[in-house]
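Q: Using the hints provided, position chain B relative to the given structure of chain A.
If you read the sequences in order, they're chains A and B.
Be aware that the first sequence starts at 552, since it is given in the numbering used here, and climbs by one per residue.
Be aware that the second sequence starts at 6, since it is given in the numbering used here, and climbs by one per residue.
Everything labelled a hint here was simulated from the structure, so no lab data went into it.
All figures in this text were calculated on a predicted structure; none of them were measured in a lab.
Heads up, a few of these hints could be off.
[Said to hold, decoys possible] Computed spacing ranges between beta-carbons, pair by pair: (1) Ser192/B - Glu823/A: 55 to 65 Å; (2) Ser192/B - Pro668/A: 51 to 61 Å; (3) Val9/B - Asn636/A: 36 to 46 Å; (4) Leu627/A - Leu285/B: 45 to 55 Å; (5) Leu116/B - Gly796/A: 35 to 45 Å; (6) Thr7/B - Leu627/A: 57 to 67 Å.
[Claimed, not checked] A few chain A residues that face chain B, going by a derived Cβ cut-off under 8 Å, partial list only: (7) Gln708; (8) Leu711; (9) Gly819.
All residues carry an ideal CB built from backbone N, CA and C; glycine is no exception.
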Amino acid sequence: MTIRALFSSPRLAAAGLVLAGGLATPAAAQEVVIGVPAALTGQFAFAGVPNRNGMQIALEQVQASGELGPLKLKVLFEDTGSDKNQATTLITRFSEYDKAALILGPTSSVEAFAALPVAQKNGTPVISGASADVTPVGDWIFKATATPVTIMQALAQRALADLKPKKVAYVFNRDNDAYIAQKNGLRDAFVAAGVATVAEETIVGSDSDFTALATKLASLDIDTLVISTTAELSANIIIQAKQAGLSDKVRILGTPSMASAQFLKVGGAAVEGTIFVADYFLGGENALNKAFVEAYTKKYNTPPDVFAAIGYTQFYEAVTALKAAGATLDREAIRKGIFSIKDMPTILGDGKLTITEKRTPVYGGYVLTVKGGKLALL
Amino acid sequence: MTLVFQQILNGFVVGGTYALFALGFTLIFGVLHVLNLAHGAVFMWGAFVGLFTVTSLGLPLYVAFIAAMLAAGLISVLVDLVAFRPLRARGSPEFAAIISSIGVAQILMSLAQIASQTQVYRFPFGTFPIVFYNVLGLRISLQQIVIVASVVVLVALLLGILFATSFGRQIRAVAISERTAALLGISVSNIHGLTFFISGALAGAAGVIIGIAFNSVHFLMGEPYLLRGFVVIILGGLGSITGALAGGLIFGMVQTLSIAFLSSALSDAILFGMMFLILLVRPSGLFGALHRQVRVVRQ
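Next comes chain A alone, as it looks inside the complex (with noise of 0.2 Å):
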């Protein structure tokens, strides 16, 4: 192996670079630095404001609770404007410059796939909240929710069992992988125990106009309507569908966007008695989540919806990572301490959180409707 073989190898650059940068030795002052290249304007920023409130939050606990005894962290929060370029600047800098410990973010698939190569050729780990399954891109890559594929399974399982779909026509989000992931997960689940695919229509992020389509899916002989994109699109084409004529038998299924107040809010009376699948539901019983709803509505005025929960989730996974990561804190440590994280409680799921070897967590997921106008399980 030449010496510059040995230093791309990207354990050993990080090595290197730990070494350089003096990152975090027992000594430097006990102060860790993660950065989060967050979507705080621009088109990802309905998720990216909640994400970085949740982790503001979780932040705020952690230092009232004083879990870390003498260990500083200092959260650097960045605005990637949405776009994958500034995202991938954004990650060099933390990972270069700033010699972050571990990054969170950024916010959406499209920024992730764009600038999480940079984090695996430094060898720095980040646990992002894109929902797309980003940990191909490699083994600093970790996954704050579980894959579009794995939550989608909870709702394929209960509608095979309860309601029996025949024929699916699926509309999903083409510009955007995670979405395409998770009908792709459902359809698959489908296809395999037999339910034809009637149709597959696909829009784009930026669409509002859905009345041609509208009126071929109130055209189509489908039992099942799977909508797979953003929160507002979805209860877009609800209305839309609807108004075309779509039949009140036809039932519709939707990805965990649609656990949200958005989807409530533009849809009104139009998305009753939707199903979908959730990480996260507002109305969990478990007493975190009743202290977490109760914190952040006290400081944002408005109730935490899923990209909140995700961003609280995110940070008390990298707090366990330190935890675990001992007294060494370098980047290699807490990589491991990313894959110790068993049993973490958490306010998603089933509120038990494990990472598996696949750098992704399971957590179980609820399955909900709407009913009455309000999110509820089904």
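A: Quick look at chain B alone, frame taken from chain A:
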């Protein structure tokens, strides 16, 4: 067969909204020979003003419509004052005006983002009654009828102003030659302001109509319309009123029919391919322009 006619009807209505958006866009090009890339942002602000009038002030929809037209008209005049007039006064190349209009658009969108906290809004349920009529097996909503009627009324008004009033004569004179118009005693800068006002008012009307029709008002809503509006006016011929109308209808129709009978994934490719073809075969668009000369740099 009913489905085909239903989709043609849908295409006609959607095309009407594109035409309305494109009219203001093409008007500024016809008179000032610049592309106002802030038109989408003005349109978006029109929708927000309409929404605000209905939700916060609790006023009826027709008041919101008028408020949106006035507000968007004024914002558009402001865009002229900030982004275009100083450059015109200095005789800068038209390319500079395009760049400066992109800048104003960004500022307008950022302001809207702050004001709306990045949320997607919709007009409250019941702002517009949801009523459907069955005509010869076609499903026609009151909303669609009102959209088409508003487009017709606004176009008639615009044509009335342009071709039957002294203001309109002055606008057309400035479109043909600013210098000659000035020599004839026309205040060119007033006419520019007026043109921007009319263009903005049309955008504001389109903003409210589209916001209601498609249940969505948000700070980025102008962007896709700007891009499509651009295709529409290239199809129809830059600066041509008839062109914007025809271009809008063709665009809406092709988009709807390609989603309905081909694939929703293909519709943009077909539309932009169509624009490419038109540019190759007929660079000045389907219809001649209000101002026939197509210039890149001010002479």
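Q: Could you run down the list of hints and mark each one as holding or not?
A: Each hint, compared with the structure:
Checked against the hint of 55 to 65 Å, the pair Ser192/B and Glu823/A passes, with Cβ atoms roughly 58 Å apart. The hinted window of 51 to 61 Å between Ser192/B and Pro668/A holds, with their beta carbons roughly 58 Å apart. Distance hint for Val9/B and Asn636/A: a CB-CB separation of about 44 Å, consistent with the stated range 36 to 46 Å. Distance hint for Leu627/A and Leu285/B: a CB-CB separation of about 51 Å, consistent with the stated range 45 to 55 Å.
Remark: the range hint 35 to 45 Å for Leu116/B to Gly796/A is upheld by a beta-carbon distance near 39 Å. Taken as a hint, the range 57 to 67 Å holds for the pair Thr7/B and Leu627/A, whose Cβ atoms sit roughly 59 Å apart. The restraint placing Gln708/A at the interface with chain B is violated, with a minimum CB-CB distance near 29 Å, outside the 8 Å limit. Taken as an interface hint, Leu711/A does not check out: its beta carbon lies about 27 Å from the nearest beta carbon of chain B, beyond 8 Å.
A cut of 8 Å between beta carbons decides the hint on Gly819/A: the least distance to chain B is about 5 Å, and the hint holds.
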